[in-house]
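J.: Residues per chain, in single letters:
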Amino acid sequence: MYGGYQGRYEPKTFVALYDDLDPATQALDVLREMGIEDRFIQVQSGVPWRPDLLGRPARPSAVSKYALIGAFLGFLSAIALYYGTPLLYPLYVGGQPLLSVPPGFIVIFELTMLGMLIASFLGVFFESLLPPVVGKRVYHPEVSDGAIAIFFQVPGHLAERVKQALSQTGAIEIEPAEGTFL
Amino acid sequence: MHATNLPAELHEQVEKLRKEHLLLDPRPREEMNRMVLEAMEDVNREYFIVMVLLGLVTLVALFGAWGYAMYKGLGVAGIRRPIYWGLFIVSFVFWIGISHAGTFVSAILRVFKAEFRRPFTRAAELMTTFGLAGAGLFPLIHLGRTWRFYWMVPYPNQRWLWPNFHSPLVWDFLAINTYLLGSTMYLFLPLIPDLAMARDKSTGWRKILYTILSLGWRGTEEEWRHLQKAIQIFAWAIIPVMFSVHTIVSWDFAVAMKLGWHSTIFGPYFVIGALLSGISAVGFILYMIRVSMKNMRYFIRAEHFDALGKLLLIISMSWAYFFFNEFILEWYGGEHTVKEILRLYTQGAVAPVWWTMVVCNIVVPWAVLWNKNWRRKPWVMALMGVIVNIGMFAERYVIVTGALSRNRIPFDWGWYEPSLVEISIAVGTFALFFFLYGLASRLIPLIPVWEVEEGHHAHELKRMGKGVVVSVAELE
Numbered sequence: 097m098y099g100g101y102q103g104r105y106e107p108k109t110f111v112a113l114y115d116d117l118d119p120a121t122q123a124l125d126v127l128r129e130m131g132i133e134d135r136f137i138q139v140q141s142g143v144p145w146r147p148d149l150l151g152r153p154a155r156p157s158a159v160s161k162y163a164l165i166g167a168f169l170g171f172l173s174a175i176a177l178y179y180g181t182p183l184l185y186p187l188y189v190g191g192q193p194l195l196s197v198p199p200g201f202i203v204i205f206e207l208t209m210l211g212m213l214i215a216s217f218l219g220v221f222f223e224s225l226l227p228p229v230v231g232k233r234v235y236h237p238e239v240s241d242g243a244i245a246i247f248f249q250v251p252g253h254l255a256e257r258v259k260q261a262l263s264q265t266g267a268i269e270i271e272p273a274e275g276t277f278l
Numbered sequence: 000m001h002a003t004n005l006p007a008e009l010h011e012q013v014e015k016l017r018k019e020h021l022l023l024d025p026r027p028r029e030e031m032n033r034m035v036l037e038a039m040e041d042v043n044r045e046y047f048i049v050m051v052l053l054g055l056v057t058l059v060a061l062f063g064a065w066g067y068a069m070y071k072g073l074g075v076a077g078i079r080r081p082i083y084w085g086l087f088i089v090s091f092v093f094w095i096g097i098s099h100a101g102t103f104v105s106a107i108l109r110v111f112k113a114e115f116r117r118p119f120t121r122a123a124e125l126m127t128t129f130g131l132a133g134a135g136l137f138p139l140i141h142l143g144r145t146w147r148f149y150w151m152v153p154y155p156n157q158r159w160l161w162p163n164f165h166s167p168l169v170w171d172f173l174a175i176n177t178y179l180l181g182s183t184m185y186l187f188l189p190l191i192p193d194l195a196m197a198r199d200k201s202t203g204w205r206k207i208l209y210t211i212l213s214l215g216w217r218g219t220e221e222e223w224r225h226l227q228k229a230i231q232i233f234a235w236a237i238i239p240v241m242f243s244v245h246t247i248v249s250w251d252f253a254v255a256m257k258l259g260w261h262s263t264i265f266g267p268y269f270v271i272g273a274l275l276s277g278i279s280a281v282g283f284i285l286y287m288i289r290v291s292m293k294n295m296r297y298f299i300r301a302e303h304f305d306a307l308g309k310l311l312l313i314i315s316m317s318w319a320y321f322f323f324n325e326f327i328l329e330w331y332g333g334e335h336t337v338k339e340i341l342r343l344y345t346q347g348a349v350a351p352v353w354w355t356m357v358v359c360n361i362v363v364p365w366a367v368l369w370n371k372n373w374r375r376k377p378w379v380m381a382l383m384g385v386i387v388n389i390g391m392f393a394e395r396y397v398i399v400t401g402a403l404s405r406n407r408i409p410f411d412w413g414w415y416e417p418s419l420v421e422i423s424i425a426v427g428t429f430a431l432f433f434f435l436y437g438l439a440s441r442l443i444p445l446i447p448v449w450e451v452e453e454g455h456h457a458h459e460l461k462r463m464g465k466g467v468v469v470s471v472a473e474l475e
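If you read the sequences in order, they're chains A and B. Taking the numbering used here, the leading residue of the first sequence gets 97, the next gets one more, and so forth. Taking the numbering used here, the leading residue of the second sequence gets 0, the next gets one more, and so forth.
Note that these hints are calculated values from the structure, not bench results. Quick reminder that beta carbons are idealized off the backbone N, C-alpha and C, glycines included. Among the clues, some could well be false.
[Unchecked claim] Derived list of chain B stretches under chain A, where covered just means 3 residues or more per stretch with a C-beta under 8 angstroms from a C-beta of chain A:
(1) 134 to 146
(2) 173 to 179
(3) 189 to 197
(4) 214 to 220
(5) 301 to 308
[Stated by the list, open to error] Derived pair list, reagent style DSS-like, types lysine-lysine, alpha-carbon separation capped at 30 angstroms:
(6) B/293 with B/309
(7) B/338 with B/461
(8) B/371 with B/293
(9) B/338 with B/18
(10) B/338 with B/257
(11) B/293 with B/206
(12) A/108 with B/338
(13) B/376 with B/112
(14) A/232 with B/206
(15) A/232 with B/200
(16) A/259 with B/200
(17) B/112 with B/309
(18) B/15 with B/465
(19) B/293 with A/161
(20) B/15 with B/338
This is chain B alone, in the form it adopts within the complex:
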């Protein structure tokens, strides 16, 4: 619908709608391609400095500290009897949680054909891949003797000894690998047409890189048909895989006969917690992309933050529901040691962390996200991303270290303080995540241009009575 042919009052309405919605504000494909490529090729001084710093922190804080721990032995970590799991496992669960957002945002919204997903699915999927890259390091770090890792891999060997498939640690190994491989393939498939676009528009080393990665994609009917079928299969199949991963992570705890852990609700409680941290992190990442990359304000708009904000509010409420369920039943049971654990959480030494969790995961999101104006402010959603993730890190810290510090034998109670090596490694994985993300932002198109163009074709404005309404055609 052309705004110029309309009465003045409708013209205003149309302009407002276009400003608001990306999919009602089409630009020629050529221009969108140029905008995305410009953003990728914009390697300025600030970017370079940030990347060097992140690289250095990764190298020293993560790999340096990990090397030191391997050289000296796992005794350099603060884990002592009875607390055998500390910051390594806290970070492991945290990064697995972050990795859930990509699949959730991309796959579930794709299955439901939610149109607002189009510009940011890839940005979210990248979080999955890099989140898992960070998470996958921790079981290796926690082994201490990392070089024995291959004992976990099921392969025929001289003594015919195989991993014990009854062990939750092997379930973890299988689930994480399935999810990592699955989500990386799911990231790559919709990326191929955009890599082909980059191939056609680039020169030099980039052209060589994209020629290899696009695998000769031409956009024929056959290629689209097979690609779309595969994307459809992935979108459906990756959802139960995603649920299984965090459920299995929760079972690392729940299958143990440990008070505070042995709970049937841990599976869904962990999954919803993962979605809470992951979706809030998407808000943060989208804000970073919007402010740090050229032309991204056109693609990522207030409407996207608004949609994420609503989703986050619902997930925060769901998390509160599971949290309360878990807490109230433990408390009502009245088991002496469990009561001691809950006292430790709410009034004891762990209380500051526990209350941080409650404030960051419930109080702040509920206080802020009900308001549409705040949800639409990118910086508010970025801040929510930071706050909720502090809360979720605190939640994992409480569950892992708090519960372990109390058991049925009071002389075996303990206290955990993370060592410098553990803190350094945990900080290092944050640097690794942002380093990998920063690198990828300049190497692959973060915006799925073909999906955005498809959305442009599907949307149009229609005059209805005295107003203008949005009409969406089903093209997928």
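Okay, chain A solo, but in the shape it has when bound:
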């Protein structure tokens, strides 16, 4: 990203705060024009903004895959419990069959759905790396008050130029930030 500058100038992290979507997207354009790649930019907001509105790359969430895997595991557990356990200790009652299909649908449905829901729930945290285990991550509490925070990393020698360009996009505040982007 930083070409010949990398290694000679330590990258620095900054945060620019915006109170509206339009100046924030303008700022993102400015950052890109100045050669800062999307992976060195992170946007934090108090409401979800679609990537196409922000002009950021859209990636599908992997949570759906977790849901499918969870549903499959739930389905297998249901089969094991419903059809497996009676075979472990067969008890024939009133001439009824040991294994019957229709009531099995109920057990299979419930456990498949349970597996899917639990896996989707956990998927959010695995994919978002929450809660953070090590290290400090960049954050600005103004996000809770509706601000859009744009975190970006630039080589030290470019910092002033970038800050100056961003101040013309209507940033409320531009200040150094500490922590990783994870």
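Based on the hints, put chain B in the right spot on chain A.
T.: Quick look at chain B alone, frame taken from chain A:
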């Protein structure tokens, strides 16, 4: 659109629309955060007294009576042959019904992107969790020997004996647990951004609590993307789970070869009944929140009661349709014992309860909810919540105890009178529900502020011809 730039007649129109609709009346996020946190932190004397009283009633009426029943045995309940199911099962079905509103209001309205849902989804979802907490107690209470509960849990044991998965009671166990876990996760996911907001704005023990609960949420694009995907999956998936729970509860009855119960329509009839009681209860809860918590009049407005009122009217009509279907076919069949059961309902000893059901579930809602002015009055909707729930409790009472009291062997007919212990436990669960809800109202933000703000961004007023219209952008 700024009202100041408009001609006077449009200015008036804009102001009227803003007053009417929350999502057209934006306030800065900071202010909304402050309003919600103020409401949470407002633990005044009245609140404290009410909570102590509810706690005491829960302790004595519910846990005290339950302890007594465990100590003395289930004989202290009024259930006798042939009526083996009484107030415990009536209350169980009632609370399962209440729990349906949260999911219905939140998930279905989310799937259809109904904008009016935004401020009250969480208040409704909490009802699901606490309704299920109440409902889940009754199978345990009804066991008598509660400590044998673990026999129901499928786990490898010394004798290799497993629960019988063909049994509707095990279906119940699985369905209720799936729904309880699913709805609690569904409550928690959209709550995370608001917990992070509370973390940033609180001090002391609250800051510690919200720091733990918000799990380091920062509102990055990645976090929002995964959270929204999960909420979407939950909103779709929890709907069939919700339907399955009350259907399975109805099958507790319908799979029995019992006259008055063995009906193929019981599944949808129970589901629609659950929605009727649950949605009317949401109206009551919203009224309570509005009058008892600070700043809630801004978030919960007449438009929300109006929308709930319309929904309630449609559900009441649907319930009447299923009720009539169930009744007319039983009656037309002409089976001797069934006719005796229906006579008992309409003219016999159960008649006061049966007619209460008809009046509360059909006559009153239809008489009141057609009128827009009444639907928009919060106290009217609160009253409807109470009346309809009396009707729905009566419905369950009739189905459970009425049908059991008559069978094909006349010498085995009986009569049920709930004992003091049963009444006490039933009353205790109401206290438990309100106690838990009251506690939660001061611990978690009841208004999903980020969803309301998203709604503010999506709505705007647009001038069209000589008037002003509402324009909604699809941001989700």
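J.: None of the hints should be skipped; say for each whether it holds.
T.: Hint-by-hint comparison with the structure:
Remark: the stretch 134 to 146 of chain B is not confirmed as covered by chain A, as 0 of its residues place a Cβ nearer than 8 angstroms to a Cβ of that chain, below the required three. Counting residues of the stretch 173 to 179 of chain B whose beta carbon lies closer than 8 angstroms to any beta carbon of chain A gives 4, which reaches the threshold of three, so the coverage claim holds. Taking a C-beta to C-beta cut-off of 8 angstroms, the stretch 189 to 197 of chain B contributes 3 residues in contact with chain A, enough for the three needed, and the coverage statement holds. With 7 residues bearing a CB less than 8 angstroms from a CB of chain A, the stretch 214 to 220 of chain B meets the requirement of three and the coverage assertion stands.
With 0 residues bearing a CB less than 8 angstroms from a CB of chain A, the stretch 301 to 308 of chain B misses the requirement of three and the coverage assertion fails. Of the supplied pair hints, the one linking residue 293 of chain B and residue 309 of chain B holds, its CA atoms being roughly 27 angstroms apart against a limit of 30 angstroms. A threshold of 30 angstroms between alpha carbons decides the hint, and for residue 338 of chain B with residue 461 of chain B the separation of about 62 angstroms lies outside it, so the pair is violated. For the given pair, residue 371 of chain B sits about 27 angstroms from residue 293 of chain B by alpha-carbon distance, which is consistent with the 30 angstroms threshold.
Using a Cα cut-off of 30 angstroms, the hinted pair residue 338 of chain B and residue 18 of chain B is violated, with the two alpha carbons roughly 55 angstroms apart. For the proposed pair residue 338 of chain B and residue 257 of chain B, the alpha carbon gap of about 14 angstroms is at most 30 angstroms, so the pair holds. In summary, the hint linking residue 293 of chain B to residue 206 of chain B is supported, as the alpha carbons are separated by about 21 angstroms, within the 30 angstroms threshold. A threshold of 30 angstroms between alpha carbons decides the hint, and for residue 108 of chain A with residue 338 of chain B the separation of about 84 angstroms lies outside it, so the pair is violated.
For the hint pairing residue 376 of chain B with residue 112 of chain B, the CA-to-CA distance comes to about 25 angstroms; that is within 30 angstroms, so the pair holds. Proposed proximity of residue 232 of chain A and residue 206 of chain B is supported: the alpha carbons are some 18 angstroms apart, at most 30 angstroms. For the given pair, residue 232 of chain A sits about 20 angstroms from residue 200 of chain B by alpha-carbon distance, which is consistent with the 30 angstroms threshold. At most 30 angstroms may separate the alpha-carbon atoms for a hinted pair to count; residue 259 of chain A and residue 200 of chain B meet this at roughly 28 angstroms.
A hinted pair counts as satisfied when its Cα atoms are at most 30 angstroms apart, and residue 112 of chain B with residue 309 of chain B qualifies at roughly 17 angstroms. Proximity of residue 15 of chain B to residue 465 of chain B is assessed by CA-CA distance (about 16 angstroms); at most 30 angstroms being required, the pair is judged to hold. Taking the CA atoms of residue 293 of chain B and residue 161 of chain A, the gap is about 42 angstroms. The hint is violated against a cut of 30 angstroms. This hinted pair does not check out: residue 15 of chain B and residue 338 of chain B have alpha carbons roughly 57 angstroms apart, beyond 30 angstroms.
Checked against the numbered hints listed earlier, the structure breaks hints 1, 5, 7, 9, 12, 19 and 20; every other hint is satisfied.
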